[in-house]
Structures are given as C-alpha cells and as structure tokens.
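Using the hints provided, position chain Z relative to the given structure of chain Y.
One-letter residues, chain by chain:
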Amino acid sequence: VGTVPDPTEGHDCDDDGRAAEDAELELDFRAGKDGALEAAYQRYGGTVHTFARRAAGDDLADELTQDVFVAAWTSAARFDPERGALGGWLIGIARHKVVDALRRRERAAARIERAGVMSASPPSATEVDRLAERLALGDCLRLLRPEARKVVELAFWSDLTHEQIAARTGRPLGTVKAQIRRSLASMRRHLEGIDAAS
Amino acid sequence: MPPHDPDELAVRDEIELRAVRGDVAASREADGGELGRLGRIVRSLTADDLARDEPPPAVWQGILARTSSPSSAGAPAGEGPDAGAPDADAPPAGRAPAGASPPAAPPLRAVEGGRPASGGGARPAARRPPRPWALAAAAAVLALVVLVGGVALASRGDDGDTTVVAAAELEPLPGEPTGAASPSRAELVDESGRLQLDLSTADLPEPDGYYEVWLIDTEVVGMVSLGPARADGVYDVPPGVDPAVFPVVDVSLEPADGVPTHSGVSILRGTLA
Numbered sequence: 440v441g442t443v444p445d446p447t448e449g450h451d452c453d454d455d456g457r458a459a460e461d462a463e464l465e466l467d468f469r470a471g472k473d474g475a476l477e478a479a480y481q482r483y484g485g486t487v488h489t490f491a492r493r494a495a496g497d498d499l500a501d502e503l504t505q506d507v508f509v510a511a512w513t514s515a516a517r518f519d520p521e522r523g524a525l526g527g528w529l530i531g532i533a534r535h536k537v538v539d540a541l542r543r544r545e546r547a548a549a550r551i552e553r554a555g556v557m558s559a560s561p562p563s564a565t566e567v568d569r570l571a572e573r574l575a576l577g578d579c580l581r582l583l584r585p586e587a588r589k590v591v592e593l594a595f596w597s598d599l600t601h602e603q604i605a606a607r608t609g610r611p612l613g614t615v616k617a618q619i620r621r622s623l624a625s626m627r628r629h630l631e632g633i634d635a636a637s
Numbered sequence: 693m694p695p696h697d698p699d700e701l702a703v704r705d706e707i708e709l710r711a712v713r714g715d716v717a718a719s720r721e722a723d724g725g726e727l728g729r730l731g732r733i734v735r736s737l738t739a740d741d742l743a744r745d746e747p748p749p750a751v752w753q754g755i756l757a758r759t760s761s762p763s764s765a766g767a768p769a770g771e772g773p774d775a776g777a778p779d780a781d782a783p784p785a786g787r788a789p790a791g792a793s794p795p796a797a798p799p800l801r802a803v804e805g806g807r808p809a810s811g812g813g814a815r816p817a818a819r820r821p822p823r824p825w826a827l828a829a830a831a832a833v834l835a836l837v838v839l840v841g842g843v844a845l846a847s848r849g850d851d852g853d854t855t856v857v858a859a860a861e862l863e864p865l866p867g868e869p870t871g872a873a874s875p876s877r878a879e880l881v882d883e884s885g886r887l888q889l890d891l892s893t894a895d896l897p898e899p900d901g902y903y904e905v906w907l908i909d910t911e912v913v914g915m916v917s918l919g920p921a922r923a924d925g926v927y928d929v930p931p932g933v934d935p936a937v938f939p940v941v942d943v944s945l946e947p948a949d950g951v952p953t954h955s956g957v958s959i960l961r962g963t964l965a
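Top to bottom, those sequences are chains Y and Z.
Going by the numbering used here, the first residue of the first sequence is number 440, and it counts up by one from there.
Going by the numbering used here, the first residue of the second sequence is number 693, and it counts up by one from there.
One or more of the hints may lead you astray.
[Unchecked claim] Pulled from the structure, derived: some chain Y residues nowhere near chain Z, Cβ distances all over 10 Å:
| # | residue |
| --- | --- |
| 1 | 459 |
| 2 | 461 |
| 3 | 567 |
| 4 | 607 |
| 5 | 608 |
| 6 | 609 |
| 7 | 611 |
| 8 | 614 |
[Claimed, not checked] Here are a few chain Z residues that sit away from chain Y, every Cβ distance over 10 Å (derived from the structure):
| # | residue |
| --- | --- |
| 9 | 718 |
| 10 | 895 |
| 11 | 901 |
| 12 | 922 |
| 13 | 965 |
[As the list claims (entries may be wrong)] Covered stretches of chain Y, as calculated for chain Z (at least 3 residues, CB under 8 Å):
| # | stretch |
| --- | --- |
| 14 | 476 to 488 |
| 15 | 584 to 597 |
Bear in mind the hints are in silico, worked out from the structure with no lab data behind them.
Every residue, glycine too, gets a C-beta built ideally from N, C-alpha and C.
Isolated chain Y (complex conformation):
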C-alpha cells in the first residue's frame, strides 16, 4: 500500500472514464447532439422498457418506451444534469407516461363497462414510484464493471468495514472508498433525476 502505485488503479480510471462518459452523454443529450439519443437509448432503453413492461404490461411496453424517448428528445433542452442523472430522468418521464396510460386504461374500461378486461388490478401510483426507484438504482449497480460492483455490493449487503472490503476484493483502501463514494453520489443523482421529471 502506501506510495507504491497500485497496478489495479488503472481499472479505476475506467470507472472515472465511465463517469466522464456519462457526463458527456448528458451534456450531448441536453444539447441535442447527433448520436446522443441513440447512445442514451443503448444505455437506458432496456431499463425504460423493463419499467414500462413491469408497470403497465407487455402490450404497452413497446409503445411507452418509444413515447418516453421521443418525449425526452423533444424536450431534451429541459434536461438539467444539475438536477439529476439522465437515467433517472428518463425513468421519471416513463413513470408519468405509465401512470397516465394506466389511468386512461382504467377510464376506458369503466366507460365501456368492461371491467373484466383488467385481470389483475393495476399497480398503484406508489408501486409505480417504487419500481421506478428500484430500476434507477438497479442501473447504478448493473452498469458497473464487475470489480467495482463487487465493492459496492459489499458496501450494501455486508457488515464488512472499508478495510475488510479492500482485503476481500484485493483492491486498495482508497480505491474502495472512492468507488463507494462515487456510487452513492450516482445513486443519489438517479433518484433526483426521477423527481426532476416531475
């Protein structure tokens, strides 16, 4: 430890690199730059679709996913990285679209007096909110490289101290602490992003 540069630090640069890449994507998206929509879709399209499917059902998932990205791109200039992460913001938009779609479906069903079409009761707005948070935070874990993810998992799911996590993962203490700090900041930003779309 100490002053000898750790050979694995390079990996951590990857983490920083990823964070920098995220920041760049966010700025590009806001600016409406060519390619930013596609990059955002590649990164978060699966998450938005999963969210839409789990909250509103298979039949609406494709359409809602489209709606979310079209709406997000249309109002890209309103996205503010200061107020939260892009991933969270997209889920926040999806949340509104899902809630609207569910409400509309409920109304339509009531209107046509075909209450039977809803086999199960639709999720409540609160449940939809919870799911939005789970998936946003899930992304923060999911998109980490495996070594980094292990560190963050131990931070949440173990009782190990920073030193023990470092020992367990074979990573320097400073790296472990920095990784956890970064992840927590990213998770906070994702939650804020959801609210920023409200």
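Okay, now just chain Z, sitting in the frame of chain Y:
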C-alpha cells in the same frame, strides 16, 4: 460533496457506510435520512430489478422515425406533453391503450414540396429534437384549421344577445408540434342562453389524422369532446356541461384509428377565465 480533510473524509465515509446499511442515526447525520432510504431500496433489490429487457428493434426504429424527419412532426412525434414537467396540467400522455396504434412508427415522410426544411438540409435523419415548427413552415405545410374568427365574430356582432363569458389564450404545449406563430384564442360565448366555444387558431400544420377540440377539467381526468376541428371554429358546448368544471380548452391531434378517447397528443391548450 465530501470534505477535503482526510480525517473528516474518513469519518464521513464511515457514516455513509453505516447509513446505507440501515443505521438510522448515521443516516440522519449523513443527510437527514435520504441515504438510509436509498440503502433500504438497494438492499431490497432482487435479480428481477437488475435484469433488463431487450426491446424489439422496431422500438428503436420507431423512435428514430418519430424524431428524425421534420415533416414527421405532424405525425405522432412530440408525443407526450411537456415531458420535463408533466404536472397537473399535463394531458393524458401517450396514446390510447388497447393497441390503438401499432408500436411501429410511421414511415419517414418525404418533405412535401421538395423543399428541405430550414437548416435541416435534406438529411434523412436529422437527429435533433424537433424545433417546434420553425421547420414545418418551410416544409410546405398546409394551414388547415385557419380560423380568422371572422365568421364567428361577425355573427356575434349582429346579435345583441351574445356575450363573451370567458376567454382563453391557447398556448402550444412545449415540445408539441404546433405552428403557433400567431396567437390562438378561444372565447366562450353565450348565444341567447346556449354556450358556444369560438376558436381561432394559429395556422396549424396539416395533421396526420385530424384535430379535435376538448374541454377538460383541471385535474385533466374528465373531458368532453366538442368534436373534430371545424372550419368555422364554432363549437356547441353540450347542454349540462359546465365550463367552470371543464375550463381547459384543448386541441389534440387524433389519429384516424377509431379510438374515441383523447390521443394524448395535445397541440394547444389554454384555460378559460
């Protein structure tokens, strides 16, 4: 941001670690409890929450189609209102449920009139947020619902029993495709005891489908259709419908799909006052 003093930083790291693991006191000390909440959510994540769908390719193709061509903006592009701030005033977003429209997007339409949209050149896929209608103007878009209001105003003029009860300036919804270069206005008129809505709109682009006029309640839950847009701009308010209960005047873009509900694509909106 964490403090720079290494000792302080170390303490801070400890507190945060305890906080996300459910130590209430630590969470309160860290940030008033937010980190504790975050930790609870993360620790409750299941494998399901980490698995992600791979959306069918048609989804991305549709997004591309709906965001790429300026002239496609008249199509369901710009879906969803004010995505940044869907608030109580937001219209029902998205389209009608139950497979009202296929997920596949409309095909890219050639720019009519052979003139490229301003700035966009002839790029087949200008992947930028559609700029509300700067583009459309150049795209030889037809003004369909041009209501100078002349007819309505004139007829009002020679009827002594006509009073304007309320009026609304209609604003384009952010991000929605409207050609609202000129102002749009709705007046609620009492015609000898019968309520009518006189609508004069800015030039709107030729719709892919048709425009429909609605009165909506402030919760944006209940709504009454006043029917497809009319050339004379005069709409009867159905008897019993109280404009005080449904004060929001809304012009939507409706696909001709036979679904009677609001498409969710609102073009203009204003509140009668």
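Here's how the hints hold up against the structure:
Residue 459 of chain Y, annotated as away from the interface, keeps every beta carbon of chain Z farther than 10 Å; the closest lies near 17 Å. With 10 Å as the threshold on Cβ separation, the claim that residue 461 of chain Y sits away from chain Z holds: the shortest Cβ distance comes to roughly 17 Å. Listed as a non-interface residue, residue 567 of chain Y keeps its Cβ farther than 10 Å from every Cβ of chain Z; the least gap is roughly 13 Å. Chain Z leaves residue 607 of chain Y outside its interface by the beta-carbon criterion, the shortest separation being 14 Å against a cut-off of 10 Å.
Listed as outside the interface, residue 608 of chain Y is consistent with that label: its C-beta sits roughly 15 Å from the nearest C-beta of chain Z, beyond the 10 Å cut-off. In this structure residue 609 of chain Y is separated from chain Z by more than 10 Å, as the shortest Cβ-Cβ distance comes to about 19 Å. Interface exclusion of residue 611 of chain Y from chain Z stands, the closest Cβ pair being 14 Å apart, more than 10 Å. For residue 614 of chain Y, the non-interface assignment is confirmed: its Cβ lies about 12 Å from the closest Cβ of chain Z, beyond the 10 Å cut-off.
Listed as outside the interface, residue 718 of chain Z is consistent with that label: its C-beta sits roughly 13 Å from the nearest C-beta of chain Y, beyond the 10 Å cut-off. Taking the minimum C-beta to C-beta distance to chain Y, about 21 Å, the non-interface status of residue 895 of chain Z holds against the 10 Å cut. Annotated as non-interface, residue 901 of chain Z keeps its C-beta farther than 10 Å from every C-beta of chain Y; the closest such distance is 16 Å. Every beta carbon of chain Y lies more than 10 Å from that of residue 922 of chain Z, the smallest distance being close to 25 Å; the non-interface claim holds.
Here residue 965 of chain Z stays apart from chain Y, with its beta-carbon at least about 26 Å from theirs, past the 10 Å limit. Here the stretch 476 to 488 of chain Y counts 7 residues with a CB under 8 Å from a CB of chain Z, which clears the bar of 3, and the coverage holds. As drawn, the stretch 584 to 597 of chain Y meets chain Z at 3 residues by the rule of a beta-carbon pair under 8 Å; at three or more, the given contact holds.
Hint check: no violations occur; every hint is consistent with the structure.
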